[in-house]
Amino acid sequence: MHKGEGSVDERHLDYAGAKMGMWIFLFTEILFFGGLFLLYSVYRMKYLAEFHSSAAELSVVLGTANTVILLTSSLFMALSIAFLRKGRRGLSLLFQLITIGLGLFFLVNKYFEWAEHIRQGIYPDSPVLLDMARGKIIFFSLYYVMTGLHGLHVLIGVTIIAVMAAFTRNETIGPLDFVKLENTGLYWHFVDIVWIYLFPLFYLIT
Amino acid sequence: MPAESMATPEKSYLEDGGRFRGLFSWIFTTDHKRIGILYLTSVFSFFAIGVILGLLMRLSLIEPGRFMSERTYNSLFTVHGVIQIFLFIIPGIPASFGNFFLPIHLGARDVAFPRLNIFSWWLYITGGAILILSIFLPGGAPDTGWTFYAPYSIRTTSNVSLAASGIFIVGFSSILTGLNFVTTIHRMRAPGMKWFRMPLFIWSLYATAWTQILATPVLAITLLLLILERSFGIGFFEPLKGGDPIMFEHLFWMYSHPAVYIMILPAMGVVSEIFPVFSRKNIFGYKAVAFSSLGIAFFGYLVWGHHMFTSGMSDISRVIFSLITFLVAVPSGIKVFNWIATMYKGSVRVDSPLLFCLAFIFLFSIAGLTGLIIGTLSLNLYLHGTYFIVGHFHYTMFGGAGFGFFAGLHYWFPKMFGRMFNERAAKTAWFIMFIGFNILYFSMFLLGLQGMPRRYFQYLPQFRTNHILSTIGSWILALGLLIMFGNLIRALFRGEKAPANPWGGSTLEWTLPSPPSRENFRETPVVKGGPYTFG
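Chains as they are written, first to last, in the numbering used here: chain A, 57 to 262; chain B, 153 to 687.
Since the hints were made in silico from the structure, they are not lab data.
Built from N, CA and C at the ideal position, the CB exists for glycine as well.
You may find that some hints are simply not true.
[Unchecked claim] Quick list of the computed label-pair ranges, beta carbon to beta carbon:
#1 A:Lys75 - B:Leu166: 31 to 37 Å
#2 A:Ala189 - B:Gly217: 45 to 51 Å
#3 A:Lys75 - B:Phe288: 54 to 60 Å
#4 A:Ile174 - B:Ser221: 19 to 25 Å
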């Protein structure tokens with residue numbers, strides 16, 4: 057939202073206003089994903105059996121690992137905010153870097169997961185997939201689109217945290233002006249929460 | 153009271169561009185007033201393109217096949233719709249007048265996030281440029297109709313993906329503007345500016361902003377899926393792959409019906425500002441008008457199904473959607489009656505802004521009443537997909553939102569540019585436009601009742617008379633538009649200097665010089681009463 061310098065007006069920050077803007081933005085994100093969750097529920101009603109059998113083909117181990125990774129990263133995100141507020145710049149920076157590392161780790165896992173499916177020839181519009189039952193086509197398309205869009209959000213999150221890490225280093229943000237990091241945290245937790253819904257809907261409904 | 157007592161006249165926002173010079177002082181500005189002007193000019197530039205496309209379409213219809221091919225005609229109605237809806241009406245009033253007057257009405261110096269504000273304009277222009285590009289690139293302009301219904305939108309080879317990504321970006325801009333406005337209204341009100349002391353324009357912007365925030369993401373995901381469908385074949389809307397095209401319609405209208413209220417609510421806000429000023433009387437039922445804005449926005453989410461009565465839906469949901477559609481008429485009716493009651497026993501001054509407002513009430517009432525006709529399930533089955541629908545939404549969107557926009561344009565022109573326009577020319581333009589408008593669109597109601605389907609290139613001989621009538625109307629309307637814009641553009645250069653308060657308005661913008669200074673208020677105003685002080 058607000059960035060450093062600028063005219064006199066922009067300088068005096070409205071903490072509550074900045075937070076409010078971020079919350080509203082997160083509403084829009086919920087609705088953005090909401091369209092996909094809507095499609096998911098409609099098609100799952102329609103193809104109940106096929107959704108369940110397709111879900112069995114996903115790796116619960118990788119899914120669980122990614123859930124743990126993302127939840128842990130959220131913890132470190134929260135810690136980095138707490139330490140920045142206390143003025144412990146170094147620790148805050150360290151925790152931000154750990155969060156970034158975990159986010160990237162999540163994406164690497166995701167890469168291996170996708171690669172495995174693609175090796176089996178299962179990806180949207182593939183000849184193998186089109187030969188399968190309709191419910192299965194839709195399940196895997198939903199899987200790719202929803203986890204893909206989520207993965208994109210993880211990537212954006214990682215990028216923003218990296219910018220925040222740079223800000224923390226050069227003291228653009230600090231104990232008196234931490235709302236940017238706090239908003240980044242809100243975004244990161246949102247990404248986390250989306251995954252908490254995706255995980256059971258795709259991996260655990262067997 | 154106008155604060156005219158200035159020893160040293162401050163530089164106006166038009167002269168004081170901040171850090172940059174020339175063009176850059178506009179496109180890199182963070183001043184909400186300059187951003188408002190940026191939007192105003194870009195929105196009307198796109199409007200001009202949309203109008204020309206519409207005129208060409210009408211031209212083709214007087215003798216199908218003579219002026220253009222079927223393919224060109226299909227692209228014309230698609231691009232006309234896309235431009236007028238996504239680039240003109242939706243950003244229209246909120247982004248131009250909203251940006252300019254929202255902070256002033258609240259007694260603030262700027263919006264909550266000034267940089268985000270100029271970023272929104274950049275997104276808007278980028279999206280608009282991509283959309284225009286999709287007309288000219290090989291592959292051809294989109295030919296699906298502005299609704300992009302699947303499965304045709306998946307299969308056509310025209311530039312649908314490009315156009316959809318343009319709209320996606322414009323949608324982002326719309327969301328950010330909404331977010332900015334809601335935060336501004338919550339956080340930036342001057343001391344004493346309680347919720348029920350805000351001008352009604354702000355209430356309507358508030359309702360609009362929430363709708364932009366809550367509905368636009370659904371359009372974004374729908375268009376994204378359409379793009380993914382076309383590039384990767386994900387199959388969500390493709391029956392052969394287990395998908396369902398009806399789901400596209402549902403998702404599309406979940407946004408696009410609330411979007412109708414994004415278009416009309418700000419116009420209602422403008423009109424609510426103008427009636428008290430030109431009647432010299434406080435608005436009748438302030439709270440009722442304020443809450444009816446929220447009511448319209450609320451019901452707006454629950455009626456999308458009425459676009460799909462013939463698409464395949466259970467009877468019970470159709471009945472429910474039809475019922476809720478009728479309920480929208482209640483808050484709309486409250487507004488119309490309150491505006492009329494505001495004029496009752498007032499000392500009415502018939503200047504051009506008021507004339508546009510009166511036209512608004514007349515045209516919007518026709519729009520609303522025909523809306524009840526097509527909201528009725530049984531009648532809808534006959535009228536769906538005919539020219540009756542086309543007539544109805546042009547009465548709403550152009551007769552309502554468009555005339556509301558023009559009303560605001562005349563009302564605020566002196567404040568924004570510090571010049572007066574020629575009142576007689578404005579009235580003449582208004583009269584010609586009003587006549588042209590009704591000839592153009594009323595014949596569409598008749599065509600629809602006769603059974604003429606919309607979007608058809610060719611038609612049976614019995615429809616010819618009304619088609620010709622309608623096209624003649626389009627020429628008259630275009631003439632009126634030319635006079636109106638000519639008059640305003642002339643006023644920019646040759647108009648007399650405008651006083652601070654030419655109409656005798658009582659909201660905060662009229663306490664500032666015309667045009668206002670860069671910082672709006674020298675010192676933050678303290679608000680002691682309601683927005684209308686006519687007694």
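Hint numbers contradicted by this structure: 3 and 4
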